[in-house]
Structure formats: structure tokens, C-alpha cells
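**Q** Under my numbering, the sequence shown has 244 at position 57, and the numbering climbs by one with no breaks.
Read the hints as simulated data drawn from the structure, not as lab findings.
Among the clues, some could well be false.
Unchecked claim - Derived pair list, reagent style DMTMM-like, types lysine to aspartate or glutamate, alpha-carbon separation capped at 25 Å: (1) LYS314 x GLU334; (2) LYS279 x GLU220; (3) LYS379 x GLU321; (4) LYS222 x GLU321; (5) LYS279 x GLU334; (6) LYS222 x ASP309; (7) LYS314 x ASP302; (8) LYS324 x ASP339; (9) LYS279 x ASP374; (10) LYS314 x GLU220; (11) LYS314 x GLU287.
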Amino acid sequence: MGTANYDTTLKKRVSLKKQLPITRKQRNTQNVEIKTASYRAGRLLVRLLFGCVARVRVLRPENSNLAGGFLLAANHISHFDPFLISLAVRRKIDWMTMAEFFRPPVLGFLLRAIDAFPAERDRADLKTIRTAIERLKSGRVVGLFPEGGIRDGTRSLLEGAPLRPGGSTLAQIAGVPILPCVILGSDRLYSKRQWLPFRRTTIWIAFGNPISHFPELQKSHARIFRIRRVNE
């Protein structure tokens, strides 16, 4: 009698263990579906909002229709940039966002709901690096502003300011291309007059050819190796 009960209990435990991976997989799938739905709903709201105050002109949109993972790297001239660029790309973008934007509870919740993830402004964050590489390797699109913040004038890439090498290093390790993006005109939305009816500021977004070869990294194999070890 005792042996029969033991065998029954053991079979139940084995059965539960077999079901656990399926349950976790289903839960992960549900999370992805919820965040994708949240992203699409947010993009619809953004489209309705900016459609009233801006004309978005996109050059070479076909360059953004890449399959698999890629790193979208853009200049940064206003807080409106990620919203506007997201309108121009069909696929969902996981934006690398400054950590301070996650500290207000409501804003942090909304950012996580659309799969944005935090990055420290002034130092390399190993957790951020791992997250970016994992998402790129899994075939997702990661968006970042390699200037490290909003830049204008001589501090901007548009005026020849130097580019931080972090983005190309991430792409090299993950084995994905970089899609260069330029946005112009979004800084004019800081003016209250531009939000008046019928003014509709013109904003330009252009996508370059995907970059898959990074010759400047051939001299920095040691650096890549160190980051790879962190990711293992």
C-alpha cells in the first residue's frame, strides 16, 4: 500500500517537472505578446498625436525592412526622436533608454511595458550589455543613440562629433548589422507654436545602408574578448 502511494506521488512529481518548462515557455510567450500589443497600442497613440502637429518624411524606408536582429543607431536631437523613429520602422524596437527615466514609477512601468531597458549614462553597465546582446542574438531590433544623450551644434554627429564605439562593439559580438538612421527637425517641436493646429512641422528621417563590417574593431580583439567573457 505504502509503495503504491509512493509510486503515485513520484509519478506526479515527474509529471509536474515535465510540465514546468512548457509553463515557463507559455508564460514567456504571453509576456512577449502583451508587450508587443502594448508597443503597437502606444505607437498608434503616437501616430495620432504627432499626425496632428508634424509631417514625417521617410527616406529609404526599405533599408529598415531587415530580417533578423539588427542595431538601429541614430543621432539624438530631441526627446521626441524614439517615438518618431518608431513610427518609421515597421518592426518593434527595444529602445536602450537612460536609467533615470525608469525611476518615476509610472514612466518606468510604461517603458518596461514596451520592452525598453535601462542604461547608465556615464558608465558601462554589464547588465545592459548582456540584455542588448541577448536580444540582438534572438532576432530582435535594439535601438540606441550612440551620442549618449541629446546633442546639438558641434557636439552632434551631424556636425562631425566623434562617435562612441560601443554600438559597433555590441553589433560585432552579437553578429548583427547596424542600421544607421538620421532624424532632422524634431527639435522644433520644443516650440509651443509648432503644436498649434495646422502648422505641422516637417520632420525628416533617413535610413542608410546596413553596416555589417567593422574594420575599426579589427585592432581591438582584446576588448571584444573581454565583453564576450562577461556575456558568457
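**Q** Could you work out which of the previously given hints the structure breaks and list their numbers from low to high?
**A** 3, 6 and 8
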